[in-house]
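2 protein chains.
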Amino acid sequence: MKIAIDVMGGDFAPQELIAGAKNYLQENDDAGLILVGDEKIIRELWSDLPEKCEVFHTDEVVEMGEHPLHALRQKKNASVAVCARLVKQGKADGFISAGSTGAQMAASLLELGKIKGIERPAISVMLPTSGDSGVLILDVGANVDVRASHLFEFALMGSAYYEKICNVERPKIGLLNIGEEEAKGNELTKAAYAILKDSSLNFIGNVEPDRLFQGKANVVVCDGFVGNILLKTSEGLSETMQGAMFKAAMSLGQETVAQFKNSIKKFSPSSPEYSAAPLLGVNGVSLVCHGKSKAPIISNAIKLAVSCAKSNYVDLITKELTKNS
Amino acid sequence: MKIAIDVMGGDFAPQELIAGAKNYLQENDDAGLILVGDEKIIRELWSDLPEKCEVFHTDEVVEMGEHPLHALRQKKNASVAVCARLVKQGKADGFISAGSTGAQMAASLLELGKIKGIERPAISVMLPTSGDSGVLILDVGANVDVRASHLFEFALMGSAYYEKICNVERPKIGLLNIGEEEAKGNELTKAAYAILKDSSLNFIGNVEPDRLFQGKANVVVCDGFVGNILLKTSEGLSETMQGAMFKAAMSLGQETVAQFKNSIKKFSPSSPEYSAAPLLGVNGVSLVCHGKSKAPIISNAIKLAVSCAKSNYVDLITKELTKNS
Numbered sequence: 003m004k005i006a007i008d009v010m011g012g013d014f015a016p017q018e019l020i021a022g023a024k025n026y027l028q029e030n031d032d033a034g035l036i037l038v039g040d041e042k043i044i045r046e047l048w049s050d051l052p053e054k055c056e057v058f059h060t061d062e063v064v065e066m067g068e069h070p071l072h073a074l075r076q077k078k079n080a081s082v083a084v085c086a087r088l089v090k091q092g093k094a095d096g097f098i099s100a101g102s103t104g105a106q107m108a109a110s111l112l113e114l115g116k117i118k119g120i121e122r123p124a125i126s127v128m129l130p131t132s133g134d135s136g137v138l139i140l141d142v143g144a145n146v147d148v149r150a151s152h153l154f155e156f157a158l159m160g161s162a163y164y165e166k167i168c169n170v171e172r173p174k175i176g177l178l179n180i181g182e183e184e185a186k187g188n189e190l191t192k193a194a195y196a197i198l199k200d201s202s203l204n205f206i207g208n209v210e211p212d213r214l215f216q217g218k219a220n221v222v223v224c225d226g227f228v229g230n231i232l233l234k235t236s237e238g239l240s241e242t243m244q245g246a247m248f249k250a251a252m253s254l255g256q257e258t259v260a261q262f263k264n265s266i267k268k269f270s271p272s273s274p275e276y277s278a279a280p281l282l283g284v285n286g287v288s289l290v291c292h293g294k295s296k297a298p299i300i301s302n303a304i305k306l307a308v309s310c311a312k313s314n315y316v317d318l319i320t321k322e323l324t325k326n327s
Numbered sequence: 003m004k005i006a007i008d009v010m011g012g013d014f015a016p017q018e019l020i021a022g023a024k025n026y027l028q029e030n031d032d033a034g035l036i037l038v039g040d041e042k043i044i045r046e047l048w049s050d051l052p053e054k055c056e057v058f059h060t061d062e063v064v065e066m067g068e069h070p071l072h073a074l075r076q077k078k079n080a081s082v083a084v085c086a087r088l089v090k091q092g093k094a095d096g097f098i099s100a101g102s103t104g105a106q107m108a109a110s111l112l113e114l115g116k117i118k119g120i121e122r123p124a125i126s127v128m129l130p131t132s133g134d135s136g137v138l139i140l141d142v143g144a145n146v147d148v149r150a151s152h153l154f155e156f157a158l159m160g161s162a163y164y165e166k167i168c169n170v171e172r173p174k175i176g177l178l179n180i181g182e183e184e185a186k187g188n189e190l191t192k193a194a195y196a197i198l199k200d201s202s203l204n205f206i207g208n209v210e211p212d213r214l215f216q217g218k219a220n221v222v223v224c225d226g227f228v229g230n231i232l233l234k235t236s237e238g239l240s241e242t243m244q245g246a247m248f249k250a251a252m253s254l255g256q257e258t259v260a261q262f263k264n265s266i267k268k269f270s271p272s273s274p275e276y277s278a279a280p281l282l283g284v285n286g287v288s289l290v291c292h293g294k295s296k297a298p299i300i301s302n303a304i305k306l307a308v309s310c311a312k313s314n315y316v317d318l319i320t321k322e323l324t325k326n327s
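So the protein sequences, as listed, match chains C and P. The numbering used here numbers the first residue of the first sequence as 3 and each following residue consecutively. The numbering used here numbers the first residue of the second sequence as 3 and each following residue consecutively.
Any given hint could be a false lead.
One copy or two, it doesn't matter: identical chains are merged, so the pair holds either way.
Only pairs whose alpha carbons sit at most 25 Å apart, straight line, appear in this in silico DMTMM-like list of lysine to aspartate or glutamate [what the hints assert, rightly or not]: (1) 54 x 29; (2) 166 x 200; (3) 199 x 322; (4) 218 x 237; (5) 186 x 65; (6) 249 x 237.
Calculated from the structure, these hints are not laboratory results. These numbers were taken from a predicted model, which means no experiment stands behind them.
In isolation and in its complexed conformation, chain C is listed as follows (with noise of 0.2 Å):
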């Protein structure tokens, strides 16, 4: 088992990267990994490689604010691309990048292809939720205009990935939706409602947003517009409410610091299946950091990564298309 890692993407690229790298391997030996980036700088920032991590030289990188498809057409041997085309050749069984998401959508797209019978590949982030268990959340950005169909394929590929993954057998599925009731909603999560209750998924119905973070469902779907909103919603939100309350936390001492801190861990949640999003639907691992990902998060993205190649959750969703065409 080997894991590609792009070391050049990220806000702190390529130090954290390869940090990420050594931790991992410090802690785990069931997979080795490949080095994707500039020789010469990776072997500054780690002279003692050892054997189980590999090195493939490029100097091309995405920069963040290039347009996905131009890049690639130009950098042939952009490190995401090339961390795709180790998976598509067998030499790697799945990768990570925390560089531009939409270089590595277009660049596994491209490399990887779609899985068949599935139209449009779709991010997907796991957030926490005041329960025991996780809610899987997707498309979170990949497709903004999308029809009920596609809402169906996220269902599903949510539906295999949650599944293998989190090991719950028929996650329940729920639709993003303003209302708990068959007919709320906009024309598309109508459309998509009838689709997925005539459907072998286990669907439990609408969700609305505050009963998500309440764990009532194992997957939700939206389009990526939507999600992205959703995303972004509690991401700022949960900034701002931790400022406001650390800033109360510091005037009574460290110790309530400490403890606070503590409290919100809960929603910084430090298992692997929170530390990347898998793009759903491609037909091999890829999974997207965060730009500010430090090195334990990138450990842990290639620990999910690991998990995700052992699983083989892209076959799963090939069972589950057929018995549902």
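Guided by the hints, dock chain P onto chain C, whose structure is given.
Just chain P now, kept in the frame of chain C:
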């Protein structure tokens, strides 16, 4: 100046509605009140009804589960319909209700009608930010499938309301989106961007949800589906987070709890503009209160209704429409 109060609507009706009216009259004398509801119940709860407080008897009420239009057709004297009618007839200068939002929207449309030139009235709410001023979001649920021209209407109405109620000249108008660049978003937001850019409004471009909570814009527009998701995500997450933090504070003693309650006051602001959601675009002042509103909020909502009636934002909307037609 008179404000009509639907004392029959809301989770804590009629008690908290009547208590809110009492609170208001204890502290303010710039408006008389008309309590709309079952006179017998009202007089039981408030035996020494002051002169400034009239009663308009009706024993009909739209229940929460009922279909708004069906219910209003059968119950001509439903409390919410009577309130809207009093405003239409000039016997009240505005009204508030904590009952079914759908019924209030329908009653407002049937009795008051729309402002000439407005196709889609919208529900707007003020949310707190980490800055000094709140941000008005619309639509948050009245219109789930809209065109770009409707988002422009929302912007124009929100601008007029914010200018009058928050005393800000040419409020900054943002378009809720998943990226800041003009080309970002779905078909709807791209089309709306083009219209807003060429309008007389103080349009500052796209606003992502995380920047929204930083107070980047005064008014942010979106379709009612997305706005409702944003609102419920904020409510749900904020409750979940507050729950976890209070739990932590409890173990540190009463003083800590008090300190923390104080730190999150910002997220439940006590000034009137946060107490109710104006239905903008209907031809009169109609304020939606949360179903769970208790007396202090109701009292604030009455204050807001008075400000709204005095400010005459309805006229400003009409003027702005002419400027942009």
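Now for the hints, and whether the structure bears them out:
no. : hint      : result
1   : 54 x 29   : within (13 Å within a copy, 75 Å between copies)
2   : 166 x 200 : within (23 Å within a copy, 51 Å between copies)
3   : 199 x 322 : within (15 Å within a copy, 46 Å between copies)
4   : 218 x 237 : both (20 Å within a copy, 16 Å between copies)
5   : 186 x 65  : between (42 Å within a copy, 18 Å between copies)
6   : 249 x 237 : both (18 Å within a copy, 22 Å between copies)
Every hint, counting from the list given before, is met by this structure.
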